[in-house]
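*Asks:* Heads up: the protein sequence lines correspond to chains A and B, in order. This note's numbering applies: residue 1 is where the first sequence begins, and numbers increase by one. This note's numbering applies: residue 1 is where the second sequence begins, and numbers increase by one.
Hints are supplied without guarantee of correctness; some may be wrong.
[What the hints assert, rightly or not] No more than 25 Å apart at the CA atoms, straight line, and that leaves these computed lysine to any residue pairs for SDA-like:
#1 B:47 / A:141
#2 A:32 / A:117
#3 A:12 / B:17
#4 B:54 / B:6
#5 A:32 / A:16
#6 B:37 / B:20
#7 B:37 / A:74
#8 B:37 / A:81
#9 A:12 / A:90
#10 B:37 / A:147
#11 B:37 / A:135
#12 B:54 / A:82
#13 B:37 / A:145
[Claimed, not checked] Here are a few chain A residues that face chain B, going by a calculated C-beta distance under 7 Å:
#14 141
#15 145
#16 149
It is worth saying that the hints were derived from the structure and are not from the lab. Each residue gets a CB set at the ideal place from its N, CA and C atoms; glycine is no exception.
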Amino acid sequence: MMTRYLFPHRYKRLGWVLALLGLWLYVLEQTKLLVLPPLLGWLPSFWNNSQPGPRENHDAYALLIIVGALLAACSRERYEDEYIGQLRLEALLGALYIYCGLLVLAILLVSGINFLLVMMYAMFAPLLLFLVLFQLSLRRAQRTTPAHD
Amino acid sequence: MTNNLRVERAIHRFTQEELARRIGVSRQTINAMEAGKYVPSTALALKLAQVFGKPVEALFQLEPGD
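Just chain B, with the same shape it has in the complex (with noise of 0.2 Å):
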């Protein structure tokens, strides 16, 4: 699964340490999402959806081996 967290997380100019207060997660869970390294659960991703006013499919695509 890919994401472009980094680049709507820039556009919303939001550090790491912004976005994880506001939807309550330590700045490792974001790196690790933008790096691809973890898959958030639902509730998470529909936070992150939130925060960037889009919906989860814009901000988190399948891969073809997904």
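Pulled out of the complex, with its shape left as it was, chain A reads as follows (with noise of 0.2 Å):
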């Protein structure tokens, strides 16, 4: 069974709250609303070779999206049983498809050095589709249950 290599359900909260404690800091700093000093200035970096100096702060909130986004996503559900189980196959294929489709539109219409913004995006885009379109399906089915029959 796949539910061998999920995380236990009470992580599932945890990483709602990372991922989007990483997505709200990200989006302040873009903003300028925020500035942090560095937080990650204490880890070294062994394959770099830009300016050297502390890193940026961007590494951080990557982390705390990429481990929450991971843990929302891959914990088990309350009632983790087959039908959930096929619910989550089927996100994962949906998002790889959307995945494919959104890079070889953006092959197709970016170039130069405007695809490292596409290339950093397409680092999360993964992750984060299967997470949505997993929620997604998992509302649905909740929806179509009526409350008490």
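Hey, can you piece these two chains together into the complex? The hints should help.
*Replies:* What follows is the structure, given as structure tokens:
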């Protein structure tokens, strides 16, 4: 069963908190509403060909988003059964198709240094797409189940 | 594949919640099976047959296209 590779249900909420915190801090910093000191200044970089200096804070936000989204998407549901497992697999396949479609479009439409931006978003897209599609299918399943039957 | 889970559940006067608890799945799973959106595994079909005291063939029927 694929449930062997899932985190316990209690990590799901923690995952949402971490991911939303990372996203929120990233947006605040991008819009210059928040300026924090280097959060990962203590962490050395082993492969760096740019100017020496403390790491940018977006590394910390990226870690928060990745770890958080992974925990939120890959924690067991309260009742993790074979139907939920099927919804999970379908969401994973859907995310892969959408990701590849968007990537093909980006390759056709974007070039030059702007493609670096595409690559940056492409790092997070599969996980975030999977998370969103899986949550949507869970919501749909809950909505179509009558409250009392 | 069609099934008559809803009929059997009504005969046994089980709610979706009660049936879900007996076979260890979520209520959404029972609802999806009854609506024909989900075909259960052999293990789950056997558990349902056990709960209703009937053979699996009495609960699930193949359709011509299956």
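*Asks:* Look at each hint and say if it fits the structure.
*Replies:* Hint check results:
no.	hint	result
1	B:47 / A:141	holds (22 Å)
2	A:32 / A:117	holds (19 Å)
3	A:12 / B:17	holds (24 Å)
4	B:54 / B:6	holds (14 Å)
5	A:32 / A:16	holds (24 Å)
6	B:37 / B:20	holds (16 Å)
7	B:37 / A:74	holds (24 Å)
8	B:37 / A:81	holds (15 Å)
9	A:12 / A:90	holds (20 Å)
10	B:37 / A:147	holds (18 Å)
11	B:37 / A:135	holds (18 Å)
12	B:54 / A:82	holds (22 Å)
13	B:37 / A:145	holds (12 Å)
14	141	holds (4 Å)
15	145	holds (4 Å)
16	149	holds (5 Å)
The structure agrees with every numbered hint stated previously.
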